[in-house]
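Make a model of the complete structure from these sequences and hints.
Quick note on numbering: the sequence shown equals residues 1 to 366 in UniProt numbering.
No lab work stands behind these hints: they were computed from the structure. Hints are not guaranteed to be accurate.
Stated by the list, open to error - Simulated DEER-style distance windows between Cβ atoms: (1) P145 / G337: 44 to 52 Å; (2) F188 / P145: 28 to 36 Å; (3) G342 / T230: 37 to 45 Å; (4) H134 / T185: 49 to 57 Å; (5) T73 / T185: 36 to 44 Å; (6) P65 / T103: 19 to 27 Å.
Think of the CB as a built atom: it goes at the ideal place given N, C-alpha and C, for glycine as much as any other residue.
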Amino acid sequence: MSGQLHLALALDGHGWHPQAWRHSPDPAPVTGGRYWTGLVTAAERGLLDFVTFDDAFTAQRHRDPELDPHRQTGRPDAVLVASRVAPATRRIGLIPVATVTHTEPFHVSKAIATLDFVSHGRAGWQVRVSPTRHEAELFGRRELPVADGRVDLAELLAEAADAVEVVRRLWDSWEDDAEIRDVATGRFIDRDKLHYIDFTGRFFSVKGPSITPRPPQGQPVVAALAHSRTVYEFASGSVDLVFITPRGDNLPTLLNEVRSAGGETLQVYADLYVSFTGLADPASDAEVFDGSPSELAERILDWHSAGVDGIRLRPAVHALDVPVIVDEVVPALQRAGRFRTGYRAGETLRRRLGLPVAVNRYAGAS
1 MSGQLHLALA LDGHGWHPQA WRHSPDPAPV TGGRYWTGLV TAAERGLLDF
51 VTFDDAFTAQ RHRDPELDPH RQTGRPDAVL VASRVAPATR RIGLIPVATV
101 THTEPFHVSK AIATLDFVSH GRAGWQVRVS PTRHEAELFG RRELPVADGR
151 VDLAELLAEA ADAVEVVRRL WDSWEDDAEI RDVATGRFID RDKLHYIDFT
201 GRFFSVKGPS ITPRPPQGQP VVAALAHSRT VYEFASGSVD LVFITPRGDN
251 LPTLLNEVRS AGGETLQVYA DLYVSFTGLA DPASDAEVFD GSPSELAERI
301 LDWHSAGVDG IRLRPAVHAL DVPVIVDEVV PALQRAGRFR TGYRAGETLR
351 RRLGLPVAVN RYAGAS
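Here it is as structure tokens:
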């Protein structure tokens, strides 16, 4: 557990309740910039560490091939939403989901690097895989791996691990001072400070270098949601922080599973579904909290004391629950002396989360 409590919001559509759209007083469409800017500036007012923007290759959150006509349907692209929000914010971290199963790592690396530039060092990336055949049919380029008659999650995660490695190498393929812009000599770039990554693995063969300069953070923060040991093992070798979903009193057990899977250095965040209006979602993969703001503050502090680095809250209805989190829960944490009362000027997301400076693996190579 880190000494500093970290607090984040997970944002998806109108909220994490399946029919959040029916209860939202904000008529703004989720395809519009005003809606997302309003949510994230509110979270920044509450001094939260970061927000995540959910995304998938499905029009609804559930992965069934048939659409439920009562659920909110339709998704904007999470990376583009984060890029739209970035200029309207100054401090809060922005971590969109980008799915790797049908996406080339070159494109992911360029998109997240660009987000890091637009946000001045506040970008991250939540890695996701796409495990259903009907999602694969949207692309029509490949068959998903199968084991024992089911989609092979372990194989998808192995591919995801390769994808993350390629992305990280591409971020490092430019040294920080590769751009020299020497007007006198007419040289814009020092070619010796761009590097081929020459990655050859089971799933990708990528020469590089990137076409985008190294991001301000060097390595934007990489995260993943994990529900099982297989995913914990992927996370331990590929990401900086992992979101887990404790229920009841099993948090110590989950923390032990993460550590035993090799995640000793991972930052661990606990996900919690939150509703202050009694809108529980019985199908939620995260524990459902429907108590008072003061009780939520107590739960957050208890989980932090139990060993997690932070908590990521999933508001049932964004327009109803985010203001309560910002205006009532955060002040309760501050009164307890456990949460910041201001952002530090000029800090990157990596620095805020206490992650080490990202050293370029190719720096100095000839």
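A quick look at each hint next to the structure:
1. P145 / G337: 44 to 52 Å: holds, 50 Å
2. F188 / P145: 28 to 36 Å: This hint is violated: roughly 44 Å between Cβ atoms.
3. G342 / T230: 37 to 45 Å: holds, 40 Å
4. H134 / T185: 49 to 57 Å: Since H134 and T185 have Cβ atoms about 56 Å apart, the given range 49 to 57 Å holds.
5. T73 / T185: 36 to 44 Å: Taking Cβ atoms as reference, T73 and T185 lie about 56 Å apart, which means the hint is violated.
6. P65 / T103: 19 to 27 Å: holds, 21 Å
In summary, the numbered hints that this structure violates are 2 and 5.
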